[in-house]
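The task is simple: from the sequences and hints, build the whole structure.
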Amino acid sequence: MSDENPNAFKHWFGPDAIARTEAALSRVHAGFDAARFRDGLGDLGPLALKDRVRRFTEALEPAIGLPFPDAARVLVAALPPPVDPDVPNQFETWLWPLVHYVGRYGLDHPEIALEALRELTCRFSAEFDIRPYIVRYPALVLERLAEWADHPDKNVRRLVSEGTRPRLPWGERLSGFIDAPETMLPILRRLRLDPSDYVRRSVANHLGDIAKDHPALVVRTLSEWLAAADDASVRRTLDALAKHAVRHLIKAGDPGALALFGYAASAALSGTVSLTPASLPVGEAVHAELTVCNDGPEPVRCVIDYAVGYRGASGGLRRKVFKLTAVEIDAGASWRGTKRHAMKPVSIRALFPGEHSVSMQVNGVILATATFELLPG
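For what it's worth, my numbering labels the leading residue of the sequence shown as 1, then goes sequentially.
Since the hints were derived computationally from the structure, they do not count as laboratory data. Incorrect hints may appear among the rest.
[Unchecked claim] Label-pair ranges, simulated between beta-carbon atoms:
id, residue 1, residue 2, range
1, Pro-281, Leu-217, 15 to 25 Å
2, Ser-223, Gly-176, 45 to 55 Å
3, Ala-350, Pro-6, 20 to 30 Å
4, Ala-278, Thr-183, 47 to 57 Å
5, Ala-240, Ala-30, 46 to 56 Å
6, Ala-229, Pro-69, 38 to 48 Å
7, Pro-6, Val-282, 38 to 48 Å
8, Ala-77, Leu-217, 36 to 46 Å
9, Pro-69, Pro-138, 18 to 28 Å
10, Leu-317, Ala-77, 30 to 40 Å
11, Leu-217, Lys-320, 23 to 33 Å
12, Pro-6, Ala-278, 38 to 48 Å
13, Lys-243, Ala-23, 38 to 48 Å
Even glycine gets a Cβ: it sits at the ideal position worked out from N, Cα and C.
In structure tokens, the structure reads:
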């Protein structure tokens, strides 16, 4: 019996996608060669998701059999109505190869290709396939993006931000934007109060990408945006955007990111960590009891996280921070909490026997650490 997951994303590109692609293109292009398309697909079985997308795209090119400007018009004419990203399961996943077709075959026709991507992204995001155009035609694409920032379709406005993320997962890295991170800031500023949370979340993710290379710039930018908030509603919107944008900086204890939300290191804070059991086999859980005391005369706002020090293959500890809570501790008061942490191997992290640690981090500062022994499972 096969242990393959029938819900794996690669199955987006199987018999149903083949049939929908053939029907859509045959409807608008009498010369579409469905038999040649199927022949070009070959055996999809062994292929993973992105390999299937590439195979579909490569099979489409000879089956459409037109120069790119004409092929682009066919692709746009074949599109279903735009989708609303706020409605679950609306995205037309079968269109991904059509989007990739434009990304792959349209580079000598940037104006036509960008128009096609604008239409396609209203049905399936073109965030991956606009990137080759950014690399080859940065001035032209930036001009278009500035126009699209006011587009009535939220999918297009999101593409402005998502398609230009410097470190978009699965996407081509945009080294030009990594080296010149301020390039997109004026456009991102225009989108920061977009009526769609879908767009604002993309802006936050874009800033989060920039923060991986230029944390001070992102903190300064968000500080300016927050300072200019002119009413409570705008402030709440920008607070949510900023918290998402700097979430990794917060976990890393970045003082500037913490200060955006009124958190700062305080000499008045002290803490303890107590672990049970003292040793446990791989697969079991360690239980932590955590205490933070405020010995000062004023309340202190606290972001409380915990960090596990995992022993690596070479014997050193690799620290991983996990979110816990945010509280305000009154003068002379204490906060107490418990946490159960399973010591199970996962696909991105192997476990090795030996001494491990649990630390409590408050406002970016380690207040206390305790250790336990991980035994072979």
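Each hint tested on the structure:
1. Checked against the hint of 15 to 25 Å, the pair Pro-281 and Leu-217 fails, with Cβ atoms roughly 46 Å apart.
2. The hinted range of 45 to 55 Å is not satisfied by Ser-223 and Gly-176, whose Cβ atoms lie roughly 25 Å apart.
3. Distance hint check for Ala-350 and Pro-6: the Cβ-Cβ separation is about 28 Å, which falls inside the suggested range of 20 to 30 Å.
4. At about 53 Å, the CB distance of Ala-278 to Thr-183 agrees with the hint of 47 to 57 Å.
5. Distance hint check: the CB atoms of Ala-240 and Ala-30 are about 51 Å apart, consistent with the given range 46 to 56 Å.
6. Look at Ala-229 against Pro-69: about 46 Å separates their beta carbons, and that is inside 38 to 48 Å.
7. A hinted range of 38 to 48 Å for the beta carbons of Pro-6 and Val-282 is inconsistent with their spacing of about 30 Å.
8. The hint said 36 to 46 Å for the Cβ distance between Ala-77 and Leu-217, and at roughly 43 Å that hint holds.
9. Separated by about 22 Å at the C-beta atoms, Pro-69 and Pro-138 satisfy the suggested range of 18 to 28 Å.
10. Between Leu-317 and Ala-77 the C-beta distance comes to about 58 Å, which lies outside the given range of 30 to 40 Å.
11. Between Leu-217 and Lys-320 the Cβ separation comes to about 26 Å, which falls inside the hinted range of 23 to 33 Å.
12. Taken as a hint, the range 38 to 48 Å holds for the pair Pro-6 and Ala-278, whose Cβ atoms sit roughly 44 Å apart.
13. For the pair Lys-243 and Ala-23, the beta carbons lie near 45 Å from each other, so the given range of 38 to 48 Å is met.
Hints 1, 2, 7, 10 from the list above are not met by this structure, while the remaining hints are.
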